[in-house]
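For the record, the sequence lines run as chains L, X and F. Taking my numbering, the leading residue of the first sequence gets 1, the next gets one more, and so forth. Taking my numbering, the leading residue of the second sequence gets 1001, the next gets one more, and so forth. Taking my numbering, the leading residue of the third sequence gets 2001, the next gets one more, and so forth.
One thing to keep in mind: the hints can contain errors.
[As the list claims (entries may be wrong)] Within a straight-line C-alpha distance of at most 20 Å, the following computed EDC-like cross-link-like pairs (lysine to aspartate or glutamate) qualify:
hint, chain 1, residue 1, chain 2, residue 2
1, F, K2090, L, E117
2, F, K2127, X, E1377
3, L, K165, X, E1377
4, X, K1380, F, D2017
5, L, K51, F, E2076
6, F, K2129, X, E1343
7, F, K2129, X, E1377
8, F, K2130, X, E1377
9, F, K2090, L, D45
10, L, K165, F, E2089
11, F, K2090, X, E1343
12, L, K59, F, E2089
13, L, K181, L, E65
These are computed hints drawn from the structure, not numbers from a lab.
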Amino acid sequence: MAAAEFVVRLIRGVNWTVLVTGIIIVATVVFVLVAGLGKDPQHIDSPLVGKPAPPFALKAVNTGETIDLESLRGKPVIVNFWATWCGPCYLEHPTLVANARQLPDVQFIGVVFNDTEDKINRFLAERGNAYPTLLDANGKTAIAYGVGGVPETYFINAAGTIVAKFEGPMSTEILQENLAKALR
Amino acid sequence: MTATLGRFLILASVLVSTTGAFIAYAAGAKRSPEGLKWSQRFAYAFAGLMVLATGVMEYALITHDFSVQYVAHVGSTQVPLWVTIVSLWSSLEGSILFWGFILGIYIAATTWVNRNQHQEYMPFAIGTWLSCGAFFSFLIAGPANPFLSVSPVPLEGPGPNPLLQNHLLMIIHPPMLYLGYVGMTIPFGFAAAALLRGRLGQSFLRPLRASLLLPWVFLTIAIMLGGWWAYEVLGWGGYWAWDPVENASLLPWLTATAALHSAIVMERRGVLKGWTVTLIQASFLLTILGTFMTRSGVFNSVHSFTQSAIGPTILIFLTAVLLFSVILLAFRIDSLESEGRIESAVSREGMFLVNNLFFVVFTFTVLVGTVFPLVVEAVKGKQMSVGRPYFDAMVVPVGTALLFLLGVGPALPWGKVTRKEMLRALLPPLITGAIALIIGYAFGVRSGWTLVTLLFGGYAAHVTFAQMWLPLRQRLKKGDAFAPALIDTQLRRGRRRFGGYVVHAGAVIVFVAIAVSSTMRTQQEVTLTRGQSTTFAGKTVTFLGSEERTEPHRQSTIARFNITKNGKTVATMEPRMNQYAAMREPIGTPAVYSTIGGDYYLSIMNLQGDQVGLLIINMPMVGWIWGAVLLMGAGGLIALIPARRRTYVVVPEPLATVPDEVVA
Amino acid sequence: MIATFFLLALLQIKVPDAAAIVGQPEGVPLSGQQLERRTMAISAELRCPVCQGLAIGDSPSIMAANMKAQVRELLERGYTEEQILSYFEKSYGQFVLLKPKFQGVNALVWILPIAVLAIGFVLVVSKAKKLEAAPVAAAPEEQVDDPYLARVREMVEKS
């Protein structure tokens, strides 16, 4: 039984501490790294999803009226944070405008921070204006919403709870997908 | 045509390295000298193919051959020649080809240097090296192929990442890092050879140590260059942010340094062989982990590339080499241990053990901090961060402990020490430590940590210089003349010792400079309109105005400042704000005015026409860090110069059959 | 400050306020040098949400500047560091805290290195003792690898 002898000799020659410790380390490392693959490290989950949307009331740029988020309850609301100095915002704006026109039962709101009214008006004139654009002077509303960069869009249901947050330029598919969550 | 040639060369290198690895391992198992010769040939062939492939790529880049995919990715006719040449390593695929190039050269050089020696180890070593070579060739041939053809052939390319064209340091940092990183494969191969053979003889220690020290030198300098670049280019006024990729470069450096130290005990006392081999394996494994971290897109970092097939492929290789190392170690570690012993735990040997402990804790802390967010997200689905405050809090005490050992360790003699000897060794340097502390206090240092660092640093400096000049002092005591004794003890005979202490001297300066520059740093944020001045840290800063400059890849606004001290102009500084076409946010380039005492650092926070929001930082002793690390590298190089000792054994007449000269 | 509030109230503009999120200030309002120092200190502990791992104090991005201004304002109103960190955590999640909180799973990241140091210390001491106790052998074994050298040494010893 040379094979059995060989195996026995093999097992006896092993330093079990090293082997077991080593295997544990290997397994841990591999598990951690495999788990990391497939996740996008840039994407941060918002803690506000599932929580009531922070209330705010800001002045709209072109009409001058103050729009209060509380007053919009009863309808799903899509809040899109953007700025004129942001490239992807420039690209996504027509999509938002088109969708806003097609969905009269959904309230679209744009919030701009760190910008001037002139630049905003020029932007809207060029890219489309179908819903109120509010000015958040020092970005406090953005901070309360956990906005990191622009564009970021929040989907709020009729009860005033944030159901989804999307980072990056919007497309119609993504909008429909997230809106569905708000309509449930 | 070029693309096809490149692809052919890479495929050939996959074949050559794989075949060579098999042949080498077989040659080692069979102890066949013929097999060894063939292994060497395959090693040279692999290197040759890698060099040729890299040459082909450089040729394609320089001739702007946009039919080659990599050139289409990073090439551009608009950039200067030197940018084109260095764009070889500017992007993922090219950088892996560059890895293969450096690996090939290392393998060929090491094989050639050892072509007539250590015949029992070399086949196994070559087999291991060529296996790694096979993996990287496979990576280049498969997921990271830069030689794919592009059709239709574009007329122009986007050029390499604009951040890389900013600064001279960007040219040297990657090659240095690769020379360090890739070089760790060589000692890994030697360690694997020793384990496979089940023996680590004293004569094998020299090549093992040298093969570890050379990449260590490069890695030390590369890490410093990375920090220096971050400091000069990124504008936040710091040189180390504990970014995952920065940590990836530091981890193997820590284990390699620990291995270099435990190798000294291994040589002197014949103990810790298994442990040293483990550390050497760890150094290589950490480079593979590091390259995974940088390229897989799993970590949120400045260096990140996007996720692709490369990540999983490297992970598979990492798992394979991890298992290979663990199994080899588990089966052979006991056969390595010799019957050595140490005479006393409280001795220089004991201090080496403690030194290794702290290096391991340091490594573990950095590793845990870096991967912890990943673990938490995998296990609990929540995202959290482990950032600078954590690392600074955890690492600083460990670093301070290491500085302490840097002083106490070399102060203690080898072997058993009497109480009297111990006091005689440990007490005098306290005086120098105290002097350093008092000087620091006089200069305004109030931070507890920095004062402790000065105390330990002064102590360590005293010990380092005392030990460094010990052989010289002994010779002078014997009555030898000064100059010849100096050259002989330090540069001719005692290079390893002298080099080692030069490294320590550099390290002491690094510790002190880091402590001083971090705690004595002052900063001020101020808004200036054109013509306005502000005074800070003994200098007056006047805002002269701003100008816009448009370049093909970026739009810059440059602000000009006049710096005066006591009425005299010392510098004109021009920090700028760059908006790159490719990036979402603007990136500032700071202006740095460096003197021996410290740096005056200007960074723009915002700039609107005639009004600038400026951040001014005064950082004493920062420049000392770069210089001291270079000193460390120099020390390592001195220690590397081989002692070409030929031992001539004169044998009596009747034994004429023995060759005349035996090279030891 | 008061004028701004008055004006905002006039225009009926509301922004989400810290009071709603973390309650009333529990500390002392700061000003001058101390305000700047504390702002810098706390800014070093908050992560810029769009940058790669930079603190808001170090980041050039617009949002980071806004967040830093918010930190300064909250300090002026007398909020404590804990409250300020909690305020940002509610909007951005634990991701924004650069220093992991010592609670739950996160506590491990603080404990593990210390545990390794302790265990390692025990191992080092036991290894040192083992090495001390090892039997005194001849000089570190001369594992002679080179066959020529071995033969020559043999012959030299014999002669």
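Here is what the structure says about each hint:
no., hint, verdict
1, F/K2090 with L/E117, "30 Å, violated"
2, F/K2127 with X/E1377, "37 Å, violated"
3, L/K165 with X/E1377, "19 Å, holds"
4, X/K1380 with F/D2017, "31 Å, violated"
5, L/K51 with F/E2076, "29 Å, violated"
6, F/K2129 with X/E1343, "10 Å, holds"
7, F/K2129 with X/E1377, "42 Å, violated"
8, F/K2130 with X/E1377, "42 Å, violated"
9, F/K2090 with L/D45, "12 Å, holds"
10, L/K165 with F/E2089, "17 Å, holds"
11, F/K2090 with X/E1343, "59 Å, violated"
12, L/K59 with F/E2089, "27 Å, violated"
13, L/K181 with L/E65, "30 Å, violated"
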